[in-house]
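K.L.:
Those protein sequence lines, which keep their order, are chains V and U. Be aware that the first sequence starts at 6, since it is given in the numbering used here, and climbs by one per residue. Be aware that the second sequence starts at 77, since it is given in the numbering used here, and climbs by one per residue.
Careful: at least some of the hints might be erroneous.
[To be verified] Okay, the calculated bits of chain U under chain V, using three or more residues with CB under 8 Å as the criterion:
id : region
1  : 98-107
2  : 110-124
3  : 130-139
4  : 252-260
The set of hints was computed from the structure by calculation and includes no laboratory data. In this text, a Cβ means the ideal position worked out from N, Cα and C, and glycines have one as well.
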Amino acid sequence: MKEHMKYQPEDIEALLAEKSYRELYAEEKKFVLEHLASQEEYERMRETLLSIRGGVGGDKEDLHPGEHVRERLMKEFEEKKRRGAIIWWNGLLIGMRDTLRFDLPIVRYGVAVVAIVIGSFIWLSRSGNDKGNEMLIAGKSDSVNVPQQIVPQPVIVKNDSVEPNTVPAKSITNENIQPKKIIAKKKQGNANDANVLNPSADTSSRQILATNNSADTRHDTDLAPKIMLSNSQDVNTANTFTMNATSAVTTNVTSVTCFSSTNGSATVTSNGGTTYDYSWNMNGATNDGTPAVRSRNLGQDVNALKLFYELK
Amino acid sequence: MNLFRPTYETEKDEQLMKRVAHGDGKAFGVLYDRYSSALFRYFHRMLWQNKEKAEDFVQDLFMKIIHKPESFDRERKFITWLYSVAHNMCKNEYRSQEVRKPVREEKAVYALAGEHGDSFGTRVDRKMFMKKLATELDLLDESQRTTFLLRYEENFSIKEIADVLECSEGTVKSRLFYTLKKLSGRLEEFAPDSKGVKLS
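Chain V with its partners taken away, still in its complex shape (with noise of 0.2 Å):
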């Protein structure tokens, strides 16, 4: 490899400071006729380079901004420092990009990390408070009169050859039945309250739980799965009656039952197959819209659900 190729043509420039054409070494003489036409046009190059350079910084001094602008601008920042807010926030984020490093890929997974467990207290925090709630409400309902009981109910075996939403009931046998505890809220009133929604209606104990499509079950949150009493059944003299799923998310209702006239179950699965045991108590009817049943949830993907029913 030739020596002058250590050589790249803009380097011309740091010789042409330096050297005139005479005082290059031989070897540079020829790096430069390669880029150069001659040695009268290094001359002139170096000639225009060196009045460049005297030039320019010549006339420095006399070229400066305005005072006003000065002046405009340290009173732009005195306006914006009482906002003090925007002040303080720039610097803790200026402060906080030097002092943790981002660049560093230890610090992002600890950044990341940090916020996963941050977002997953405040998630466990709030899970935690509805738990919360719905205990509170359980109490306090049991506090008024009806003190809370343990009851064992049937556990309702799913009917796996139910059609999607469309699901006729099954009723209990014996052999189905398993002791299992189920809190079964209820809550303060009687079927004469119910009467009050609708004073037409029947004082008699006869309960309708729904009447053609209209009963619905209501639920706590869009995820819960939406399901509706289609049958109008008297539950004084049916034990049976069918619950059809009209939400799409959810829900292959599989069976239903009503074990009197004041209270039954039903089991609904999700599309995710998540089962959901729901149990009501008329008794716990009220007039005011509250809830009477609250239901078992035995899934982790939805928030439980409440129960409502109309009164006729």
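Assemble the complex: chain V is given as a structure, and chain U must be docked to it using the hints.
P.N.:
Frame of chain V, contents of chain U only:
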């Protein structure tokens, strides 16, 4: 009392910038005093020797520092960051003035031709040379002009220019070489062996 408290004037730009972000007006004033004149010259050269425009640009640039101090990239030297912002402002201005550019170039060429006619064969003083140089600089493309001014007016190192323009040092050197070659051809009358003028 803190006996070792540094004075603002001796503090580094980066440290002053940190103070500015925390609302220190005096630090801002020191930064302004350090760089306003140099930036004004730079804008003046880059924006067709228009003093009003140069003043506006200096003000706009420092306004950015006031309102977005966090945009300062702490990985870079303050001065190169500052000039890269200035450079981008000029590029934006060129874009917005694109329609007017041919007219301006035409004017510059005519002006140069006229001056050639008037001064050819006569001895020209430094002021005349600078005037011609300024005209020639206006005819250069934006990247060549910026490189040239940062190198010969602001005395930036090759590395600093590369940082401002976000290009390689080789590119900077190359631009300087070809700009110099171009200028020496256009300012030939000032060369020592030409029949034209000799710079005093």
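K.L.:
Confirm or reject each hint.
P.N.:
Results of checking the hints against the structure:
1. For the region 98-107 of chain U, the stated coverage by chain V holds: 5 residues have a C-beta nearer than 8 Å to a C-beta of that chain, and at least 3 were required.
2. Proximity of the region 110-124 of chain U to chain V, defined as three or more residues with a beta carbon under 8 Å from a beta carbon of that chain, is established by the 5 residues found.
3. Interface restraint, the region 130-139 of chain U with chain V: holds (6 residues with C-beta to C-beta distance below 8 Å; minimum three).
4. Note: the region 252-260 of chain U has 6 residues with beta-carbon separation from chain V under 8 Å; the three-residue rule is met and the coverage holds.
Against the hints set out earlier in the document, no violation occurs for any number.
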